[in-house]
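Trainee: Assemble the whole structure, with the sequences as input and the hints as a guide.
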Amino acid sequence: MTSKTQKKPGASAAKAADAVIDAGRKVLEDVVEAGSKTATNFFEQANSMNSENMQKTAEVYEELTKFNQESMQAFNSMAGALAEGAESYSQRLMDSFKAANKFNMQYLEKLSMAKSAQDLAAIQLETSTEIFERSVSEAIDLNQVAADTINKSAAPLKDRAETLMAAYMKGAA
1 MTSKTQKKPG
11 ASAAKAADAV
21 IDAGRKVLED
31 VVEAGSKTAT
41 NFFEQANSMN
51 SENMQKTAEV
61 YEELTKFNQE
71 SMQAFNSMAG
81 ALAEGAESYS
91 QRLMDSFKAA
101 NKFNMQYLEK
111 LSMAKSAQDL
121 AAIQLETSTE
131 IFERSVSEAI
141 DLNQVAADTI
151 NKSAAPLKDR
161 AETLMAAYMK
171 GAA
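For the sequence shown, my numbering begins at 1 and goes up steadily by one.
Please note that the accuracy of each hint is not assured.
As a list, the in silico DSS-like pairs of lysine-lysine whose alpha-carbon atoms are at most 27 angstroms apart [unchecked claim]: (1) Lys15 - Lys98; (2) Lys152 - Lys66; (3) Lys37 - Lys158; (4) Lys170 - Lys26.
So the derived label-pair ranges between C-beta atoms look like this [unchecked claim]: (5) Thr127 - Asp159: 42 to 50 angstroms; (6) Glu84 - Glu62: 31 to 39 angstroms; (7) Ala99 - Gly35: 48 to 56 angstroms.
If you are wondering where the hints come from, they were derived from the structure by calculation, not from laboratory data. Heads up, the beta-carbon is just placed ideally off N, CA and C, and yes, glycines get one too.
Mentor: Following this line, the structure appears as structure tokens:
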């Protein structure tokens with residue numbers, strides 16, 4: 001496989017991370033939009049209510065503010081998990097590049113010591129096998145880091161969505 005046909009190891013993880021960020025952003029935008037609309041409606045109605053209803057409006061506004069703060073916290077948790085995962089992924093990728101560079105230097109050293117065509121063939125076979133095994137191992141490791149990052153970063157948004165659904169169902173009942 002040539003370098004032109006190889007896929008970048010982080011491309012699928014980056015796409016998945018972008019999808020999680022986009023989903024989180026959409027949830028947050030929906031929550032903020034719903035909160036803003038609700039707050040506007042509450043304030044418009046408050047102008048025509050008596051003092052008892054004004055107190056109830058203030059309580060609802062406080063609940064809405066708390067709700068929006070919790071949503072922001074969920075988004076911040078997601079962003080923190082993504083940043084942590086990206087850092088881990090990048091570090092493992094850098095370690096992989098360093099190991100590959102060291103391996104290449106050792107390969108060149110072995111080639112320079114070969115005394116026959118048979119030695120060269122044996123070195124090439126050994127090197128090809130090791131490159132394949134290392135590539136598979138590193139791909140598995142990087143994919144695991146990406147999957148763990150996606151799962152960890154999606155958890156706060158999932159929890160927030162479940163809270164939203166429970167509140168909606170309670171309000172609908």
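Trainee: Does each hint fit the structure? Answer for all of them.
Mentor: Taking the hints in turn, this is what the structure says about them:
1. For the hint linking lysine 15 to lysine 98, the alpha-carbon distance of about 25 angstroms falls within 27 angstroms, and the restraint holds.
2. At roughly 24 angstroms between alpha-carbon atoms, lysine 152 and lysine 66 fall within 27 angstroms of each other, so this suggested pair holds.
3. Restraint check: the Cα-Cα separation between lysine 37 and lysine 158 comes to about 23 angstroms, which is no more than 27 angstroms; the hinted pair holds.
4. Pair hint lysine 170 plus lysine 26 holds up; C-alpha atoms about 23 angstroms apart against a cutoff of 27 angstroms.
5. With their beta carbons about 48 angstroms apart, threonine 127 and aspartate 159 fall inside the hinted range of 42 to 50 angstroms.
6. The hint said 31 to 39 angstroms for the Cβ distance between glutamate 84 and glutamate 62, and at roughly 33 angstroms that hint holds.
7. Taken as a hint, the range 48 to 56 angstroms holds for the pair alanine 99 and glycine 35, whose Cβ atoms sit roughly 49 angstroms apart.
In summary, this structure violates none of the numbered hints.
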